[in-house]
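A.B. asks: Spelled out from the first residue to the last, the chains are:
Number of protein chains: 4
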Amino acid sequence: MSNKIPVGILGATGAVGQNYIYLLQNHPWFEVTYVAASPRSAGKTYREVVASKWLLGANIPEAVANLVIEDANIVEKAKGRCRFVFSALELDSKDEIKALENAYAAMGFPVVSNASAHRWTDNVPMLIPEINADHISVIDSQKKAHGWDTGFVAVKPNCSIQSYMIPVWALMQAGYEVKRMFVSTMQAVSGAGYPGVPSLDMIDNIVPFIGGEEEKTEKEPSKIFGKVEGGKIVPFTGLKVSAHCNRVPVINGHTACISLEFGDKKPSLEEIDRIWKSFRGLPQELDLPFAPVNPIIVRPEANRPQPRRDRDEDKGMAVSIGRLRTCELFDIRFVALSHNTVRGAAGGGILNAELLKAKGYIQ
Amino acid sequence: MSNKIPVGILGATGAVGQNYIYLLQNHPWFEVTYVAASPRSAGKTYREVVASKWLLGANIPEAVANLVIEDANIVEKAKGRCRFVFSALELDSKDEIKALENAYAAMGFPVVSNASAHRWTDNVPMLIPEINADHISVIDSQKKAHGWDTGFVAVKPNCSIQSYMIPVWALMQAGYEVKRMFVSTMQAVSGAGYPGVPSLDMIDNIVPFIGGEEEKTEKEPSKIFGKVEGGKIVPFTGLKVSAHCNRVPVINGHTACISLEFGDKKPSLEEIDRIWKSFRGLPQELDLPFAPVNPIIVRPEANRPQPRRDRDEDKGMAVSIGRLRTCELFDIRFVALSHNTVRGAAGGGILNAELLKAKGYIQ
Amino acid sequence: MSNKIPVGILGATGAVGQNYIYLLQNHPWFEVTYVAASPRSAGKTYREVVASKWLLGANIPEAVANLVIEDANIVEKAKGRCRFVFSALELDSKDEIKALENAYAAMGFPVVSNASAHRWTDNVPMLIPEINADHISVIDSQKKAHGWDTGFVAVKPNCSIQSYMIPVWALMQAGYEVKRMFVSTMQAVSGAGYPGVPSLDMIDNIVPFIGGEEEKTEKEPSKIFGKVEGGKIVPFTGLKVSAHCNRVPVINGHTACISLEFGDKKPSLEEIDRIWKSFRGLPQELDLPFAPVNPIIVRPEANRPQPRRDRDEDKGMAVSIGRLRTCELFDIRFVALSHNTVRGAAGGGILNAELLKAKGYIQ
Amino acid sequence: MSNKIPVGILGATGAVGQNYIYLLQNHPWFEVTYVAASPRSAGKTYREVVASKWLLGANIPEAVANLVIEDANIVEKAKGRCRFVFSALELDSKDEIKALENAYAAMGFPVVSNASAHRWTDNVPMLIPEINADHISVIDSQKKAHGWDTGFVAVKPNCSIQSYMIPVWALMQAGYEVKRMFVSTMQAVSGAGYPGVPSLDMIDNIVPFIGGEEEKTEKEPSKIFGKVEGGKIVPFTGLKVSAHCNRVPVINGHTACISLEFGDKKPSLEEIDRIWKSFRGLPQELDLPFAPVNPIIVRPEANRPQPRRDRDEDKGMAVSIGRLRTCELFDIRFVALSHNTVRGAAGGGILNAELLKAKGYIQ
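Taken in sequence, the protein lines are chains A, B, C and D. Letter by letter, the first sequence follows residues 6 to 368 in the numbering used here. Letter by letter, the second sequence follows residues 6 to 368 in the numbering used here. Letter by letter, the third sequence follows residues 6 to 368 in the numbering used here. Letter by letter, the fourth sequence follows residues 6 to 368 in the numbering used here.
Worth double-checking, as some hints may not be accurate.
One copy or two, either will do: identical chains are not told apart, so a pair holds if it fits within one copy or between any two.
What the hints assert, rightly or not - Pairs of lysine to any residue, SDA-like flavour, derived with a Cα cap of 25 Å:
(1) K282 / N64
(2) K9 / L287
(3) K245 / E95
(4) K221 / E95
Read the hints as simulated data drawn from the structure, not as lab findings.
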């Protein structure tokens, strides 16, 4: 009998749900024991429902393939079957997702969510553990506000911003204000789930638009870099962002071209290189299982990072940076890459859960 | 017997050379009568050399397929065979190209060039006919300086900037200073010629680097927007550009994400829309054969322009714009697209030749 | 006022419907005056419904963009609006399609269909005009059986077989029995419509299965090569086919690898080459607008035909053949290619309608 | 100090050489200590030469990156630096490769080769260890013929046939003669090395031709299934093969559509399924490090195997089979897939070396 913490996956059959199941194989702390999805999947085995649309290599992990899927809407079903849940819910309305995540929290479950529904709830932390691990303290006021005991909701930000948030934070933490940031992304199709982007749009083509993505890209950094005050997160207003988001024919790996303008104090390129290479955060200090050894990898080659070559660095949890150079308009520019379904989705969620466990919020 | 002007193609077997031959089929004014390439192709028919690497549909145009290729280095060979030449030379050194183009000019041939060698020669015009047709006046001082009679060199700028130069010019001409421009491109593989970019780099991948491209992108607008003074072109210094150039798995069509900052006078989005839709230049006035009816097409759809859908607008000579909106950092942003081997290369060269003929420089 | 025959498109908003509208621009005989689709599109303009999913270049043809879509289920709506219809219906059940196509026929409309519903109705001709134009005579018994006056149904076969049926027929007609045929296809994604095949299945991947395709490929030749007896088509049983059908990341153009076994009389490779190059059918004799000049193009290059280079030959209506050589097991083998949405779908349908008009069945 | 056998890689900088270096990281028996390539790479570190064209993820394995490359033509250089070599030589002429491989053998090195030069030397075994491990006995007569002591040459067959040879062998070994085989392949671009296939040929396209591939595919099975007689391998003449070989836009993984005709004794589909699932060969018996647990994986899904989903099964060493069904012309047909650069190239070579070590030929 395993001593691991049993965990449930809400929205287990979708692309993000599949990624959780794939990445949690052999996890040292957590073990998937419960899978929930829409009513029409309920009652069937995971294999039956997912076999024809499994996205991650040849085989569904055996331990999950034979689990019977439950209806995610019937919160009671999860009782006694797991001790916390990852939410990869894909409902039509954010309000429904919010309500359902709250219902799981009310039932006592910590909810570690990939959904965007609760990202702007002010007592819900939006975590990148290398940056804002201290935000988890708002969970206490969240619990109090709802009268919840062990349950709560914590979320992660959008996948498209993961590649440059840690590098920007590393500079800020080293004492350099970052005032303005241009972002132009080339995002992988896996970010749109399955079936997602039609191949007729992605052969000999790119699509210079992703619904809602630019808005998230411009807004979410303010909460991530925010401060905890009175049990809530107060957004940081010192950084302005402009984003152009594009879809390109790449399976995994979001690439971003970035230009940064600093405040009065400006680091040299050598200083930036040094800061990035030596950056470590709390996940590295705590030696969390999913923490990359070096959160930021700096590539020396002229034409890197590239999605196919660099996305899997440190199991897909490190971000890769290259082409650091001065900018004709702002101060510096560079290219950043992260694995959108690992660091940017399920892997990021798992790291959040590991942090929450290390801090005693998941037991 | 045709009354068309006989024209030669230097570098006829390469990708750009092929495009000239493809686009000049049935041209009302010009007719390809002479093809020149490297010594190792000389003496063979065009079909023999090119059949296995022809890039433009099924068949080499019959009229050219049976021409015997001459050695481009032996300038005398061209005598009596054509009245002007398109240069698509791909030599290792720019100095060699310069010298060879000059030699053709010295022999009396107008040289309409795609090569970058002469782009910064101050009495050689770098033409986008909708923008700076008046620059052709420096040809007179060029001829005088060299003691050339009918021969001269005129060039076109790099393919990557074609999609947004006319739209930016349209705004400048309407009285709005453009001070700063961010550019992030997603460029087609045809821009690198054949064999060019390996498929191992372009399946499930993008490459965030194109050698020399960002430098050209940032520098060439200053000459294009420059003024003729004393028989030379004096670069315009009022616009600063920062460029991120990327290669993506698209056959044809360079896409650019653009953010612009105006001077004190700022147009509304409606005003910009109106300016772009009504813009016409000298090629339209002169009704040149390769001139697009509307140089700028403004797309109303949320997710356009896209390379495969929009690159062929008006035979590949129109640029397509979409997603005009305000920018969080500068004033406006938008997406621009042009066909890199038509408007951005051979088609642009042909339009230049048409302008030069209309103005009496080619006869 | 146009003298062209007004035509309606049933299923006008789908991929095949769009192709009809695209290809019928400037058709010398036919003009789209009526577009019908599902009830939820009815009442909107074609542009409103299709703008975001238009597949064929930048713009919906203006003449159709502003037509108001009617409900295809309400057959009466078509009355007086067109003189015949192209059916590109995509309903869930073949029985529904059959019933609806019959209803249009009963109302007096010739129905030229792309749907597979009526392919095995024995008094409905399944036409490739170069092969079996004589099959249209069964329309008379079809009309009689139903008591229809001007209306009837004629269909075309599946897109995947178009590339090799005419070449095989040319050999049969020249007196060479073809007894056995191996077929292995690499089919374009446009064959699956839009959204169709997910990009997650078509980047760095192929799918060795297309539902129902191998069955159609193996069975349809028997009807196409059949004989008219007693007002019905009696299938030809002399040719056995084995098919492997695969989906590959190509926009347009189905490629097939073919091995053929002849009867006792076997043509030489030179004889085959001669037969293919000189083959002409009734559409060529009648000089129908969509008839390719040479139905079969034989490529001399070692590595052709290729979809992107060869699919558009003669406006997409010619098939291209290459690599003719002896087979280690059967007699000969070769590679065949045709444009699946032109010759294989809408273009083939238009050619059928042209034949039917030339023969007096459409007026 | 490592107790592993030091091994050299000839042609270490090419695509196959890179694969050896990648796959031999952490190999339990072998350790790369020597890298040799063309004269122009000699004297530089492996990193210097390969950094810009490294194909296998983000980083060159550290242990090899700093090795100084030697000139592969100077055989003496290898002395004392390694105990055997993998040959991934890519010279222009097969005779040169033969001569060079022989020179290494003469110097005492076992040469385990991927090159095709020696495939038809009758005392050189062409090994797929699950099939013809007994062929290694010809090495003794090879050594004797040349007067070599410890040195010899052993080769592996072409990558394109790997996916179906073991399945066919499993049936033959179970007592079912296979008389005729149709093969139609869809092969990955990595099979052509780097730069290899231009992206202009592989975006929205396939190429139905690979030089020399069909000939190898048709001929090599006869030697692999051959018998050792008098110190030589006598080809098997009982199986005739016809192959159509195609290049498709896939990074790794060759897919083959296969139809088989048996002799008089014909297995049922159930029997075949049972034979394939239970098949084990000598590598499995000997538990060689690179031996897949199940050499043949039978997929139950309707649309598998697919390259991206199935190529990495059992570290890329298992072949995946699907769609087993009866054939309209022969007896059965199916789809087979194997990883062309692992099982089909470097991984296959390593398995050969492991077998040779287990049998005492490498020490």
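A.B. asks: All the hints need checking, so say for each whether the structure fits it.
C.D. replies: Hint check:
1. K282 / N64: between (37 Å within a copy, 16 Å between copies)
2. K9 / L287: Cα proximity of K9 and L287: one copy only (23 Å, versus 39 Å across).
3. K245 / E95: For K245 and E95, the Cα distance exceeds 25 Å both inside one copy (30 Å) and across copies (44 Å).
4. K221 / E95: within (17 Å within a copy, 38 Å between copies)
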